[in-house]
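Engineer: Read off the chains here:
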Amino acid sequence: MHQYQLIHIPRGLYTLRLLLILVVALALPFLALMIIEVHLNFVLIISICFLIAFLLFKLSARLVRNDLYAVINRDSLTIIETSSITKKNRKWEFNWTNLNSYVFETTQYYHILRLYIAEGKKITLTFDHNSQDFSRFEKDFHDKVLAINKNRDSVIYMSPSIYETKTGLILAALLVLLMIGWPIAAWWNSKDFQIGLALIFYSGAGFFIYMVYQYRRSKK
Amino acid sequence: MTATQAEHYQNLAGLGLSGSVGNGRNLYSISEGGGNQLFFAGSQSGGSVQYAGIFNGDYTLRDVVNYGMAGTGLVLGGAEAYLRNVKAGYAVKGTKTAQKVIKNVMNPSITKVARTAKGLGVAGVLLNGTITGVNWYNGQDVTASQVADLAISNGLIAAGGLAIMSAPVALIAVGTYGILDSFGAFDGIKSYLGGDTVALEGYRPD
Chain A
6 MHQYQLIHIP
16 RGLYTLRLLL
26 ILVVALALPF
36 LALMIIEVHL
46 NFVLIISICF
56 LIAFLLFKLS
66 ARLVRNDLYA
76 VINRDSLTII
86 ETSSITKKNR
96 KWEFNWTNLN
106 SYVFETTQYY
116 HILRLYIAEG
126 KKITLTFDHN
136 SQDFSRFEKD
146 FHDKVLAINK
156 NRDSVIYMSP
166 SIYETKTGLI
176 LAALLVLLMI
186 GWPIAAWWNS
196 KDFQIGLALI
206 FYSGAGFFIY
216 MVYQYRRSKK
Chain B
28 MTATQAEHYQ
38 NLAGLGLSGS
48 VGNGRNLYSI
58 SEGGGNQLFF
68 AGSQSGGSVQ
78 YAGIFNGDYT
88 LRDVVNYGMA
98 GTGLVLGGAE
108 AYLRNVKAGY
118 AVKGTKTAQK
128 VIKNVMNPSI
138 TKVARTAKGL
148 GVAGVLLNGT
158 ITGVNWYNGQ
168 DVTASQVADL
178 AISNGLIAAG
188 GLAIMSAPVA
198 LIAVGTYGIL
208 DSFGAFDGIK
218 SYLGGDTVAL
228 EGYRPD
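Taken in order, these protein sequences are the chains called A and B.
Under the numbering used here, the residue at position 220 of the first sequence is numbered 225, and the numbers go up by one with no gaps.
Under the numbering used here, the residue at position 159 of the second sequence is numbered 186, and the numbers go up by one with no gaps.
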């Protein structure tokens, strides 16, 4: 029996928190300025906005990280998640024989594990990158599946991650075109380069393209 | 020059910026009738769609910052992917030395790069939002188009961005939106929502 302490990020809550922080960090300084009626310069105002956002991110970080306790047994996999807000537990448990396939995928924001169970059931877990036992969990999970596949007729498939598929390659090519095309289009039309979106896009696109490149290179 | 404009110049002087009213290679300009505009050049009163052009040399400090930050985001995203692959290589080895390298070298490096890469997106939204807010606080009207731009940016980043950032389709959607918006494909929708109609009058305390 192997045990792992992991951290699960509930994506809905994570998104809601981000939206709230953006709204509060943008609105609060101007509300304060309206009340005290003082003119501050741009640098000071933006510094206050960033400081508020930073503090809110720090203070609320624990709220969007659920403790996740995983146990790999000889016959089964058990996962118990404890909500950081309600402290309620949620439990998944299934036999290895019921597992059809799985995929581990490293993304810019989470490690994702998708489990495809018998009868079409699917479980998606999004682990925080800083989960202390994640590397060990991933390695042991692979080893366990390999051991099971040796001893029985049916096979648990390890599905390829998006980076290894042709779809991933096509998407990477599209991203390259968009990466080049967007600033050119903005320049050409003398339009604003929407930096908020651009930063999300370029950072994510750089990550995705490099992952596709790396996976395809390691295949050769 | 009004008292507000004079104060605005003082603020800009505090930033170490200089510029002129009107056309030219400005870091900023004062709009004709809609109040002050920080870091914007060549825009009409209350306008939100037309901004400084790079090709005619009429770019703003904001453009330079925006393109620079986007380039930084791209490099950081790639660097993070590279480091994660190196870490995965060590994890496969499974030796004690490899585990030490992961713990002492790889994890701290990845944490720093990843935090900065993710933070840049949020910083971009805050920067855009604050610029609009400062202009409004300095008396410039906020148009329906500007509100739509801000709402779409925030909405896409929050709902479509971080939540499903792993889905490259979301990235394609964001990139396609950026290009189509540059060609004015959404101007019709923005006009329908109010276009250059003032959605929020500039803050002008009596």
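Heads up, a few of these hints could be off.
Said to hold, decoys possible - Only pairs whose alpha carbons sit at most 30 Å apart, straight line, appear in this in silico DSBU-like list of lysine-lysine: (1) A/96 / A/155; (2) B/127 / A/92; (3) A/196 / B/120; (4) B/120 / B/139; (5) B/120 / A/63; (6) B/130 / A/126; (7) A/144 / A/155; (8) B/139 / B/123; (9) A/149 / A/126; (10) B/127 / A/224; (11) A/144 / A/127; (12) B/120 / A/92; (13) B/123 / A/149; (14) A/63 / B/127; (15) B/120 / A/93; (16) A/196 / A/144; (17) B/120 / A/149; (18) A/63 / B/139; (19) B/120 / B/130; (20) A/92 / A/127; (21) A/149 / B/130; (22) A/149 / A/224; (23) B/123 / A/171; (24) A/196 / A/224; (25) B/139 / A/155; (26) A/127 / A/196; (27) A/224 / B/130; (28) A/171 / B/130; (29) A/171 / A/196.
If you are wondering where the hints come from, they were derived from the structure by calculation, not from laboratory data.
A quick note: this is a predicted structure, and the numbers were derived from the prediction, not measured.
Engineer: Evaluate each hint against the coordinates.
Structural biologist: Each hint tested on the structure:
1. Taking the CA atoms of residue 96 of chain A and residue 155 of chain A, the gap is about 28 Å. The hint holds against a cut of 30 Å.
2. Between the alpha carbons of residue 127 of chain B and residue 92 of chain A the distance comes to roughly 33 Å, so the proposed pair goes past 30 Å and is violated.
3. Distance hint between residue 196 of chain A and residue 120 of chain B is unfulfilled; the C-alpha atoms sit about 50 Å from each other, more than 30 Å.
4. The suggested pairing of residue 120 of chain B with residue 139 of chain B holds, with an alpha-carbon distance near 24 Å, which does not exceed 30 Å.
5. At most 30 Å may separate the alpha-carbon atoms for a hinted pair to count; residue 120 of chain B and residue 63 of chain A exceed this at roughly 35 Å.
6. Note on residue 130 of chain B and residue 126 of chain A: the hinted pairing is violated, with a Cα-Cα distance of about 35 Å set against a maximum of 30 Å.
7. The hinted pair formed by residue 144 of chain A and residue 155 of chain A meets the criterion: a straight-line CA distance of about 17 Å does not exceed 30 Å.
8. The straight-line distance between the Cα atoms of residue 139 of chain B and residue 123 of chain B is roughly 24 Å, inside the 30 Å bound, and the hint therefore holds.
9. This hinted pair checks out: residue 149 of chain A and residue 126 of chain A have alpha carbons roughly 21 Å apart, not beyond 30 Å.
10. Using a Cα cut-off of 30 Å, the hinted pair residue 127 of chain B and residue 224 of chain A holds, with the two alpha carbons roughly 27 Å apart.
11. Of the supplied pair hints, the one linking residue 144 of chain A and residue 127 of chain A holds, its CA atoms being roughly 21 Å apart against a limit of 30 Å.
12. With a C-alpha separation of about 37 Å, the suggested pairing of residue 120 of chain B with residue 92 of chain A is violated against the 30 Å cut-off.
13. Restraint check for residue 123 of chain B and residue 149 of chain A: satisfied, since their Cα atoms lie roughly 21 Å apart, inside the 30 Å limit.
14. About 28 Å separates the Cα atoms of residue 63 of chain A and residue 127 of chain B, which keeps this hinted pair within 30 Å; it holds.
15. Taken as a hint, the residue 120 of chain B and residue 93 of chain A pair is broken in the structure, with Cα atoms around 37 Å apart against an allowance of 30 Å.
16. Taking the CA atoms of residue 196 of chain A and residue 144 of chain A, the gap is about 48 Å. The hint is violated against a cut of 30 Å.
17. Between residue 120 of chain B and residue 149 of chain A, the direct Cα distance comes to roughly 17 Å. Compliance with the 30 Å bound is thereby established for this hinted pair.
18. Between the alpha carbons of residue 63 of chain A and residue 139 of chain B the distance comes to roughly 15 Å, so the proposed pair stays at or under 30 Å and holds.
19. A distance of roughly 14 Å separates the Cα atoms of residue 120 of chain B and residue 130 of chain B; the hinted pair therefore holds under the 30 Å criterion.
20. Between the alpha carbons of residue 92 of chain A and residue 127 of chain A the distance comes to roughly 24 Å, so the proposed pair stays at or under 30 Å and holds.
21. For the given pair, residue 149 of chain A sits about 24 Å from residue 130 of chain B by alpha-carbon distance, which is consistent with the 30 Å threshold.
22. Restraint check for residue 149 of chain A and residue 224 of chain A: satisfied, since their Cα atoms lie roughly 23 Å apart, inside the 30 Å limit.
23. For the given pair, residue 123 of chain B sits about 36 Å from residue 171 of chain A by alpha-carbon distance, which is inconsistent with the 30 Å threshold.
24. Among the hinted pairs, residue 196 of chain A with residue 224 of chain A is inconsistent with the structure: their alpha-carbon atoms are about 42 Å apart, more than 30 Å.
25. With a C-alpha separation of about 41 Å, the suggested pair residue 139 of chain B and residue 155 of chain A falls outside the 30 Å cut-off, and the hint is violated.
26. Annotation: proposed proximity of residue 127 of chain A to residue 196 of chain A is violated, straight-line Cα distance about 44 Å (limit 30 Å).
27. Taking the CA atoms of residue 224 of chain A and residue 130 of chain B, the gap is about 27 Å. The hint holds against a cut of 30 Å.
28. Under the criterion of a C-alpha separation no larger than 30 Å, the hint pairing residue 171 of chain A with residue 130 of chain B is inconsistent with the structure, at around 34 Å.
29. As the CA atoms of residue 171 of chain A and residue 196 of chain A are separated by approximately 34 Å, the hinted pair breaks the 30 Å bound.
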